[in-house]
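**Student:** Each chain is listed here by its residues.
Protein chains: 2
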Amino acid sequence: MSELMIPVGLSNRHVHLSKEHIDILFGEGYELTKFKDLSQPGQYACNEKVDIVGPKGTLKGVRILGPARGQTQVEISITDGFVLGVKPPVRDSGDLKDSPGVKIIGPKGEVELKEGVIAAARHIHMHTSDAEKFGVKDKDIVKVKVEGKRGLIFENVLVRVNPNYALEFHVDIDEGNAACLKNGDKVELIK
Amino acid sequence: MSELMIPVGLSNRHVHLSKEHIDILFGEGYELTKFKDLSQPGQYACNEKVDIVGPKGTLKGVRILGPARGQTQVEISITDGFVLGVKPPVRDSGDLKDSPGVKIIGPKGEVELKEGVIAAARHIHMHTSDAEKFGVKDKDIVKVKVEGKRGLIFENVLVRVNPNYALEFHVDIDEGNAACLKNGDKVELIK
Chain A
1 MSELMIPVGL SNRHVHLSKE HIDILFGEGY ELTKFKDLSQ PGQYACNEKV DIVGPKGTLK
61 GVRILGPARG QTQVEISITD GFVLGVKPPV RDSGDLKDSP GVKIIGPKGE VELKEGVIAA
121 ARHIHMHTSD AEKFGVKDKD IVKVKVEGKR GLIFENVLVR VNPNYALEFH VDIDEGNAAC
181 LKNGDKVELI K
Chain B
1001 MSELMIPVGL SNRHVHLSKE HIDILFGEGY ELTKFKDLSQ PGQYACNEKV DIVGPKGTLK
1061 GVRILGPARG QTQVEISITD GFVLGVKPPV RDSGDLKDSP GVKIIGPKGE VELKEGVIAA
1121 ARHIHMHTSD AEKFGVKDKD IVKVKVEGKR GLIFENVLVR VNPNYALEFH VDIDEGNAAC
1181 LKNGDKVELI K
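Chains as they are written, first to last, in this note's numbering: chain A, 1 to 191; chain B, 1001 to 1191.
Possibly wrong hints are sitting among the right ones.
[To be verified] Derived pair list, reagent style EDC-like, types lysine to aspartate or glutamate, alpha-carbon separation capped at 16 Å:
(1) Lys143/A - Glu1147/B
(2) Lys149/A - Asp1095/B
(3) Lys1108/B - Glu1031/B
(4) Lys149/A - Asp1140/B
(5) Lys1149/B - Asp95/A
(6) Lys1149/B - Asp92/A
(7) Lys191/A - Asp138/A
(8) Lys1143/B - Glu147/A
(9) Lys114/A - Glu20/A
(10) Lys1149/B - Asp140/A
(11) Lys149/A - Asp1092/B
[What the hints assert, rightly or not] A few chain A residues facing chain B, derived, Cβ under 7 Å:
(12) Lys149
(13) Arg150
(14) Gly151
(15) Leu152
(16) Phe154
(17) Glu155
(18) Asp174
(19) Glu175
(20) Ala178
Quick caveat, the hints were computed from the structure, so don't treat them as lab data. Ideal Cβ positions, reconstructed from N, Cα and C, are used throughout, including at glycine.
Working from the sequences, and respecting the hints, build out all of it.
**Tutor:** Put into structure tokens, the structure is as follows:
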């Protein structure tokens, strides 16, 4: 087995909220509360959940990830998109221009999001020291090989290097199920 | 572009029923009625639908594919499996040993299926003349390359050759969404 192995993190549907939208959905000055830490330092799953409403259907109880961000972002799978009746473009986090909107319903109010619904593009988080070991740099595009009955090679995988990141390959639930991946499975980086 | 291109067929959840189970679910001597032909000659989607009930949830209105088969087979995605609360193994069609069961509910009765729930293993249907052109034979294992933002290479793709088959690459909805595939998209066979 190669030395260039990376643990998998499956991203289920979730929402990042702006401070302004937290105020509307949960009440003025509300602070999100931590449910548990995520593998990326400083990032956490919140106890708070919201309903996401599209033209065709609703996803109930979608978890919020903290802390608050500059712009609200709803990350769903393409399968979720069929439930909602919206077509999320495959985008890197933060690249929301001309993406579709949805309605977000919280306990204290509603937000009609104009844009911000995406299917996250697959990517690898890496600490600076990992990048050295793997011989890659921030924004490199690599491949990731998965073994097994549903073995496949993911192409167009973005490498994101930061001294605050922990090594992890992020895919959504569609991609995880297509390759029979579970959280913590090890996959191989191919340059 | 290579000459070895194959059109994609996305398989949504569906059920193949035995004659015995058609009798129980729809009434003694009932004949399935055709909704539309499928791309594989002799295979058709039926007007009839059933509900599939697992320990955790229900998939309502799952379409039946005809004609009747020797053994009832329920094909779902792994995502569907989370809704039902069953874990479908990834299997070739007909290989049902020790797969999980579910309850099937029809308009006239119910069947407690002991086994038969699978996630279909990705495969290519080919006419004998296609196999000659592609230089492959029945039961070969090949790869399939998908281009685009969610580009990937599917490994472990089973080739099924038969004079009654039409050329098509079959994946389920998880796999299709993981690669942003739509029905009729062209993908490349790699030997």
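**Student:** Close enough to count: is the Cβ of leucine 152/A nearer than 7 Å to one in chain B?
**Tutor:** The hint holds - leucine 152/A has a Cβ within 7 Å of chain B, the shortest such distance being about 5 Å.
**Student:** Hint check: lysine 149/A vs aspartate 1092/B, CA-CA at most 16 Å. Holds or violated?
**Tutor:** With Cα atoms ~11 Å apart, lysine 149/A and aspartate 1092/B stay inside 16 Å; holds.
**Student:** Is lysine 114/A close enough to glutamate 20/A, meaning Cα to Cα at most 16 Å?
**Tutor:** holds, 14 Å
**Student:** Given the proposed pairing of lysine 191/A with aspartate 138/A, does the C-alpha separation stay at or below 16 Å?
**Tutor:** With Cα atoms ~14 Å apart, lysine 191/A and aspartate 138/A stay inside 16 Å; holds.
**Student:** Does the closest beta carbon of chain B sit nearer than 7 Å to the beta carbon of glutamate 155/A?
**Tutor:** Since chain B brings a Cβ to about 4 Å from glutamate 155/A, closer than 7 Å, the hint holds.
**Student:** Close enough to count: is the Cβ of glutamate 175/A nearer than 7 Å to one in chain B?
**Tutor:** With a closest approach of 4 Å, the glutamate 175/A hint holds.
**Student:** Hint check: is the beta carbon of lysine 149/A less than 7 Å from a beta carbon of chain B?
**Tutor:** Where the cut-off is 7 Å and the nearest Cβ of chain B is about 5 Å from lysine 149/A, the hint holds.
**Student:** Quick one, are lysine 1108/B and glutamate 1031/B close enough, alpha carbons at most 16 Å?
**Tutor:** Distance of about 13 Å is within 16 Å: holds.
**Student:** Is the Cα-Cα distance between lysine 149/A and aspartate 1140/B 16 Å or less?
**Tutor:** With Cα atoms ~15 Å apart, lysine 149/A and aspartate 1140/B stay inside 16 Å; holds.
**Student:** Any CB of chain B closer than 7 Å to the CB of glycine 151/A?
**Tutor:** holds, 4 Å
**Student:** Phenylalanine 154/A was flagged as interface toward chain B. Is the shortest Cβ-Cβ separation under 7 Å?
**Tutor:** The hint holds - phenylalanine 154/A has a Cβ within 7 Å of chain B, the shortest such distance being about 5 Å.
**Student:** Taking only the CA atoms, is the gap from lysine 1149/B to aspartate 95/A under or equal to 16 Å?
**Tutor:** Holds - the C-alpha atoms of aspartate 95/A and lysine 1149/B are around 14 Å apart, at most 16 Å.
Taken one by one, the earlier hints all hold for this structure without exception.
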